[in-house]
Amino acid sequence: MSKRIPKHLTRRAFLGGAGALLTLPLLESITPRFAAAQGTPGEPARRMLAYYVPNGIHMPAWTPEAVGQGAAWSLSPILEPLSNVKNKLLLLSGIANEPARPDGAGDHAGGTGGFLTATHVNKTEGADIRSSISVDQIAAQALGTDTRFASLQLGIDGGGSVGNCDSGYSCAYVRNISWAGPQTPLAKTVNPRVVFDRLFAGFDSQVTAAERAKRQRYSKSILDYVLKDAQNLNPKLNTRDKIKLDEYMTGIRELEMRINATEDGPQCIAPDAPPPELGFQEHLTIMADLMVMAFQCDLTRVITFMLGNAGSTRSYNFLGIPDAHHEISHHQNSQTNFDKLQTINTFEVAQLAYLLDAMDRVEEENGSTLLDNSLVFFSSEISDGNRHNHDNLPVILAGSQRGQITTDRHVRYDNDEPIADLFLSMLSSVGVEQDSFGDNSTGQLAGILNT
Amino acid sequence: MKKHAFFVFCIFGLALTSCAQDTSTPSATNTPNNGDQPGDSPGDQPNNQPGDPPDGTPPDLPPGVTPDADPGTATVRRRNRVEYNNTVRDLLGTTSTPADDFPSDNHSYGFDNIADVLSLSPFQIELYDRAAEQLAAEALGAPQGPSTTITLEPEEIGGDIGAPSGDNAWILSQEGRWSTSTVTGRGRHTINIKAFGQQAGNEPVQMAFFLDGNIAQIFNVEATEDNPGSFDLQVDLLDGTHNIGLALLNPLQRSLIFDNITIEGPLGGPLVTQIEAETLTSDRGRANDTGFLLWSNGFLEQEINVPEDGDYILSMKVRGQQGGPDVARADFLVDGEPVAEIEADSYGDLSLVYTVDHTFTAGTHRLGVAFTNDYWDEENGIDRNLFVDWFAFEGPIVETAPDQDSEGRQRIMICDPLQDVEQACGEAIIRNFTSKAWRRPVTDQEVADLYAFIDLAKEEGDDFEQGIRLIIRATLMSPHFLFRVELDPTPTSEQAHPLTDHQLAARISYFLWSSIPDDELRQLADEGRLNNEEVLTAQVERMLNDPRAESLVHNFGGQWLYFNALADVQPDYVIFPDYNEALRKSLQQEAQLFFRDFMFGQRGLDEMLTAQYTYANDLLADHYGLNSNASADFVEVDLEDTTRRGLLTQGSLLTVTSHPTRTSPTRRGKWVLEQLLCSPPPPPPPGVEGLLDNEDGEITGSVRDRLQAHAVGECASCHVEMDPIGFSMEHYDGIGAWRDDDNGFAIDATGQLPTGETFDGVMEMTDILSQDERLVTCATRQMFTFAMGRGAIFHDKDDLQIMEQGLRDNNLRLRALARYVVLSHAFRWRRGDGLETPSTPQEDSE
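Chains A and B, in that order, give the protein sequences. With the numbering used here as the guide, the letters of the first sequence map in order to residues 71 to 521. With the numbering used here as the guide, the letters of the second sequence map in order to residues 209 to 1054.
All the pointers check out, no bait thrown in.
Derived lysine to any residue pairs resembling SDA-like cross-links, with alpha carbons at most 20 Å apart: (1) A:K306 to B:T708; (2) B:K666 to B:Q627; (3) A:K298 to A:N330; (4) A:K284 to B:Q342; (5) A:K284 to B:N496; (6) A:K284 to B:S523; (7) B:K666 to A:A280; (8) A:K284 to B:Q482; (9) B:K666 to A:R285; (10) B:K666 to A:A283; (11) A:K156 to A:G517; (12) B:K666 to A:S289.
Okay, the calculated bits of chain A under chain B, using three or more residues with CB under 8 Å as the criterion: (13) 237–251; (14) 282–294; (15) 310–316; (16) 319–328; (17) 386–395.
Partner residues aside, some chain A positions facing chain B, computed with beta carbon under 10 Å: (18) G176; (19) E195; (20) Q223; (21) L256; (22) A257; (23) V260; (24) N261; (25) F266; (26) D267; (27) K298; (28) D299; (29) P305.
Hints in this document: simulated from the structure, not taken from any laboratory. All C-beta atoms, glycine included, are put in the ideal place defined by N, C-alpha and C.
Let the hints inform the model, and build the full structure from the sequences given.
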């Protein structure tokens, strides 16, 4: 076998690009024209971001040995890239997503379909896909009213060209983590150019205000028309058709609201558009930049991001790992596979670190940063890739949601606390008080929010 | 065909831990990969296993004449990405493919056109909106905005690359791109760069101009400081933000100094200057937020600069507040003199736009609007006023109609609103365009509703064509366009009924073309002559001969036989250095050309596995080790006395069923079971997948050896189904090249199937496989699933049997199968879903 010399491996690439590979402008060059992102006194902006990585994590190199606060705990090898923001992390061990356990095989689909819903999804390829509304979408209902986009769903991989996804589970469970309702997975955008256009198109145009207003009137009248069309159609449809049409009408109404919001919403000076062709690393970096910009310009306050689809078979050639990620994740306790997984996981965490570092550089009011005023959730659909277990999940929280969370801690729970309870706490941090969430919540998770 | 029933195990895909126990439950659920869920209702999939008796129903029911039979439900089907692109291609004649930006469509049952899982997110709606606007603009040309000149001064903008040079220029002395962003209108722009070089060496300074991250043009800058140069290029821009950049390509001792960059445009359209009345003053009235109210006779005017002699259009947007015997009147004033008079009607609060032609000479003029017939009856409080929103001039008007020849324009503007009666023309345009787009004749009410957009455009001061643009957008955003809607007379009834001819036409065209019906199909539907066996047979033949049927190769063949997956795999570049983009494309093309013969030609399905020929270019011939006359182009190649034969020896399949670093006999076997025989094995239990490389990276045996050591215990019962098939292909490596050994270990391509047949190599294996009954059953089912956009259900079993028999009666030709699919009861009939409430759907009622 020939000796493997990775083509492009540099320390910088490994550490997540550190801002040097991208062709987007530096974040500083984006100037919020209005201060809405900084929040008005009565209603400070809060944000939620959920970050998904596929195929689980090599837990022995993930979990820090010690629990505690500040100097009491230190970062594990995989978490090392997060050193700049260690004091803004809350690492949780012993959290379980029991409802994500599938019926028979299909842990990747079950774990991903239930990733943000803590719901046991229906095993089907057909009509009756069913999860439930995801935590980010509940947050978006509360946080999304003042921004141009109630939420954004972003990712890296679209979907395969052939085949089925996972053991009799629809691909809908494998490629999406945001669910607007039990039957409505929200597709993600993977093309940075499309994200960019979405965020910044129509901004700063030199057309006159009168011309822009006219365009908006045209758009609105078209949406009114098609909505009326759909309403006329609705009573003539059978039940399944109505579900589809309902998705359509929801989309039209949201678009209508968005057009209205554009009229006087906060605006940013648009940065440079991303180039068309991107490698994986550049793709990740630019998506992270776009996420930060979207928050910074207050275009949205809720984002979900998938670094890969469930059971991703990506080869990490540039890290010297040609094998498919999913295949390695079935590690069979081989040290070779452990090493590879640790390398991949460290790379994944470095991507998170790049995002968190960037968020922490964005200054907001009273010396706080964007990261301080957000809550970022990072995890995977399973814990160990070989066992496919849904307990002891790798969970990072970052940011304190305006001081509501005491960070720089590693907390270990001993009783497989339901992730649904954590989601209740996360919702509470954005002002949504719910008694229950998903299939198995018991109340807010102790030790998360300051009381 | 000889009946072979090997692989009697493990064919129901019951996802149970043991394969063997499935044999005892042949009537259980047969959802692929599924069925272990308690809630699954038994029997919602047909059992098409060999030797499975057709449970009492006569197998030879003529299609379409069994009104009581259950055709199954068909959920409204959103267009998937391919269908969207094809549809706008055939509707508008466009070559753009807006759906490439849409989110991926979810797969179920192996295809991406399954109605029930084609969901729709708000984001997708947004992309539809954007696509509709762009398509309308592309078809008719965008309305021209005013031309502007933007000047970019680098010393004011600054940047990380380069440095200020003097007070008003910027110097680049090293590699790297100076860039900034700016916003432009839509259309052609002239870009000018004022620059010179500090020269050195033999070649002049080279300057690259970047537009949106790409080099748009490279200039040799021979100009020097004494005599700076001016460099022009023309670019077509969309409206929005653009990235503009400059770079010095050959620094060394050289430098590039530039003064500024100007962007002028959009070019070509007439200039419009609009004067907002509220910005003017007069003592005869008062301004408000949107305009100026003249309450007694008086005028508003503004000095204008007319660029050149010519014909111009003057316009004003005004509203009369009526009172007294006459309608409010207004004059257009040029240089203080009235040039035209209008009567300012009033429709409630609406201000209307009035226009008049006028010939100007170049130079400064005064343009104005006068209110001329004030009325004031103090006693009765009757008042007549004139409200002025704006006035404008546009021109010079050049008598060249915009882009008359564009394909989209020809298809849409089927009449001329200026020469024909405008209303009749507008309605004709709507009827023609929207009926095609919605795959059915539009109603009078729908025409009237859409016509309102023309009125709206005019109300806003725009023209007829702008109204048509809005109609195109509304048509493309309508649920009637985005979904294929088939209404039931009684949605809650499960009573079967035939489709309308137009619904049927759409089902056929989306099956065979992944697009809308063409004129002929539509006309047959209009005349009510389509739903007839003879007519349908002729149409299917015609449509299969049409180039649009190529979509079957990509969408049906590519998904069924997996050659589309070449887009997804990444073989390791160290182990397989020969694999590159050229080879990938060649592999894909071979598979497409090969499948085309079976889809459209006279070759039978069984021969797909045993064909003694393929298609190859020289790259592929080399890859396969064939002595052939292949050139850079693909030619048919005889495979007699070679190591290749049939689909299972094609590099596309061999590559997509391999791991990045090695072959996978298991995957290859699973592919055969799943895709060719519709008998998928259950997924492995957690924690047992994968072959282990040794700790020190040394490989200790052939893939076969390692796999056999690994697939023991509970795994063995399923691996024994899959692996022998894959072992027969072990002479082909992870990208389909022939090999005599596997990492130095001898290859053993012999095997025994669970049913006892033995073989040595893929050719003997395919001799057995090509005779397997399930090959025919499975192909039928695959095509039926693709055509219907839903998985097969229990009640489809009679239909499926008829189709399968049709396939057998026609020497296993797929084109005959396509006909039988179209003629089937399920394809031509439908029913409501019988569900009363629009809440969470219940278990399937099929």
